[in-house]
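Q: Chain by chain, the residues:
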Amino acid sequence: MPLQEILEKYPKTGDHLIEVLLEYQNTKMNHYLTEEELKQIAKYLNVTESRVSSVVSFYTFFSLEPKGQHVIQICHDVPCYVNDQPSLVKTIKNLLSIDVGQTTEDKLFTLEYTSCLGACDKAPAMRIGEKTFTDLTPNKVKAIISEYRGKRHA
Amino acid sequence: MLEKKLLTKRVGIVNPLSIDDYIKQDGYKQFKKALKMERISIIEEVEKSKLRGRAGAGFPAAIKMMAFAKEEAEHKYMICNADEGEPGNFKDRYLMENDPHSVLEGMLITAYATRATKAYIYIRGEYNKALSIMKWAVDEAKEKGFIGKNILGSDYDFDMEVRSGAGAYVVGEEFALIESIEGKSGRTRVKPPFPTEKGLFGYPTLINNVETFCNYPVIIEIGGKAFAKIGTASSTGTKLISLSGNVNQKGVYEIPFGVTIREVIETLGKGVPENRKIKMIQLGGACGPIIPEYMLDMKIDFDRFEDFESKTGAGAIIVMDERVDVFEVLHRIVNFFGHESCGRCTPCREGHPQLEILVKRFLNHEATSKDLLSLESLARVMHQTSLCGLGQSSPISIISTLGYFRDEYHDRIEFVGKV
Ligand SMILES: Cc1cc2nc3c(=O)[nH]c(=O)nc-3n(C[C@H](O)[C@H](O)[C@H](O)COP(=O)(O)O)c2cc1C
Ligand code: SF4
Ligand code: FES
Chain P
2 MPLQEILEKY PKTGDHLIEV LLEYQNTKMN HYLTEEELKQ IAKYLNVTES
52 RVSSVVSFYT FFSLEPKGQH VIQICHDVPC YVNDQPSLVK TIKNLLSIDV
102 GQTTEDKLFT LEYTSCLGAC DKAPAMRIGE KTFTDLTPNK VKAIISEYRG
152 KRHA
Chain R
652 MLEKKLLTKR VGIVNPLSID DYIKQDGYKQ FKKALKMERI SIIEEVEKSK
702 LRGRAGAGFP AAIKMMAFAK EEAEHKYMIC NADEGEPGNF KDRYLMENDP
752 HSVLEGMLIT AYATRATKAY IYIRGEYNKA LSIMKWAVDE AKEKGFIGKN
802 ILGSDYDFDM EVRSGAGAYV VGEEFALIES IEGKSGRTRV KPPFPTEKGL
852 FGYPTLINNV ETFCNYPVII EIGGKAFAKI GTASSTGTKL ISLSGNVNQK
902 GVYEIPFGVT IREVIETLGK GVPENRKIKM IQLGGACGPI IPEYMLDMKI
952 DFDRFEDFES KTGAGAIIVM DERVDVFEVL HRIVNFFGHE SCGRCTPCRE
1002 GHPQLEILVK RFLNHEATSK DLLSLESLAR VMHQTSLCGL GQSSPISIIS
1052 TLGYFRDEYH DRIEFVGKV
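From first to last, the protein sequence lines are chains P and R. When we follow this note's numbering, the leftmost residue of the first sequence carries the number 2, and every step to the right adds one. When we follow this note's numbering, the leftmost residue of the second sequence carries the number 652, and every step to the right adds one.
Worth double-checking, as some hints may not be accurate.
From the structure, some residues in chain P lie toward chain R, with a derived Cβ separation under 8 Å [to be verified]:
#	residue
1	E20
2	L23
3	Y25
4	T61
5	D122
6	E131
7	F134
I should point out that these hints are in silico values taken from the structure, not numbers from a laboratory. Here the structure is a predicted model, which is why all the values come from computation and not from measurement. Here a beta-carbon is modelled for each residue, glycine too, at the ideal position from N, C-alpha and C.
Kindly generate the complete structure, drawing on both the sequences and the hints.
A: What follows is the structure, given as structure tokens:
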């Protein structure tokens, strides 16, 4: 959905800034926002550009750099760690031949760490896009990633 | 029976996506009862119940409610704090996903008692499922006339809106939360004034945790006095425990205060996999103390937790077995808080990178005696001088392990005596 269309769903007040940013970034294949778009958002909501920039840099959900089509976020906190999280990280790194913080050459996957996903009752956990995967094992992770590979043209 | 299901009695029984089902199971009955009560007597029941806030600090709920009720203003806001971002905690998600209307009913009772005009439910952005369930529930409640103008034929109007976070743990702190709902970077402010006087958009604002709100229908149903008989003298009612780590049956359990940590782990959680031994547990979540196995007979109680200089009543128990390295755990905790620091005050902003370097030295067996002293004093300074709860509680894991697991620190010092 074009940015203008999303903007027009919201009242022109600054308190909707985060919602607008979230909704719009979600529509973008590479999960990032450009300076031009931030300017357009600032203008519509009648807030300063510096406020928009500060919000974008403050919240970890927002990015100014393009990412892979599927962002894999693997939980890094203690309840997952003690449930064998390191072996998952190893599996994914090997599978995608990238390190944490990197994007695959075909721009399909980005691998990141995330803070606790609140799924510690089913640790270890990870997120891809808006979906949380739990009770993971190296084999389960392999299956999930190959399924996402298949979604390349989707 | 260790468990006592007051807040979670409908979990697994009620269809979270059906307000009709909730109503069929006596849902919104307590709100209707409250609507017929004098406003002040609702607050008096809460006072008699001795309910303490469930976010962690254990502040008496009635005091905050009364202060907010007394404020006269055109807008009076409530915020349901569902930012639950502290590692090891997932009980608010459990309540929202499984019985969303019980959260709304608790909020409605509070709103009516205090003449609030609008509430925001702020849910962390990672909780996609809880976000959609809560939005659905609010829409259903509006359709049925529980939220909106002239609620259930009364002269009371009240609105509600669900907002999503965008990945920032510190936004769970009250003023940061307010800033975030205002559409800003979530940084804290110096208090006073407190939110109940001057909060969201400059108006009086009452902020409570999800679980706190869920207690109100129970209090209205059984009365404050009966509620106060549950639990212990200083901590009344039940507590939702998020049990995780090396334990067979991880999950959320509702227990009356006063049950021991060991009972939760062994009886409810069915112990540690493969009968391994427990080495340590972290209480409350990442901001809580790490204590050794021999302390597990401690009762779960706000005052007991305060003995650790920490406000860790959020109710997480993270079990770690004999294979777990203290320093790997500390490293992840420091990393978490360093990443989540808002950078506003020096001890927290500058302290975390230093803590990380020091902890890493212990992790890699490269520490010196001097590092031990530096770590100890830095942790203390951060604990005492940081502006908000993040920087104040982040070093608790280090301070507690320096006490209970000191030998392990010494074992990691390369050449004892080398300075
Ligand atoms: C860094 C930080 C993070 C916090 N995160 C949360 C949170 O996720 N949820 C919550 O209810 N309270 C959180 N709190 C506590 C809130 O500031 C506030 O005290 C609480 O919502 C009050 O609720 P209660 O009185 O019902 O316990 C946090 C506090 C700090 C300092
Ligand atoms: S303690 Fe940390 S999170 Fe809190 S205000 Fe200071 S820098 Fe920000
Ligand atoms: S620590 Fe991984 S989901 Fe909580």
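Q: Taking the hints in turn, state whether each one holds.
A: Hint-by-hint comparison with the structure:
With 8 Å as the threshold, the beta carbon of E20 of chain P comes within range of chain R, its nearest partner Cβ sitting at about 7 Å, so the hint holds. For L23 of chain P, the interface hint holds, the least distance from its beta-carbon to any beta-carbon of chain R being 6 Å, beneath 8 Å. At its closest, the beta carbon of Y25 of chain P sits 12 Å from a beta carbon of chain R; the interface hint therefore is violated under the 8 Å criterion. Hint status for T61 of chain P: holds, given a least beta-carbon distance of 4 Å to chain R, under 8 Å.
Satisfaction of the interface hint for D122 of chain P is found here, the shortest Cβ-Cβ separation to chain R being roughly 4 Å, below the 8 Å cut-off. For E131 of chain P, the interface hint holds, the least distance from its beta-carbon to any beta-carbon of chain R being 5 Å, beneath 8 Å. Contact between F134 of chain P and chain R, as hinted, is not supported at the beta carbon level, the nearest pair being about 12 Å apart and thus beyond 8 Å.
This entry does not satisfy hints 3 and 7, going by the numbered hints stated previously.
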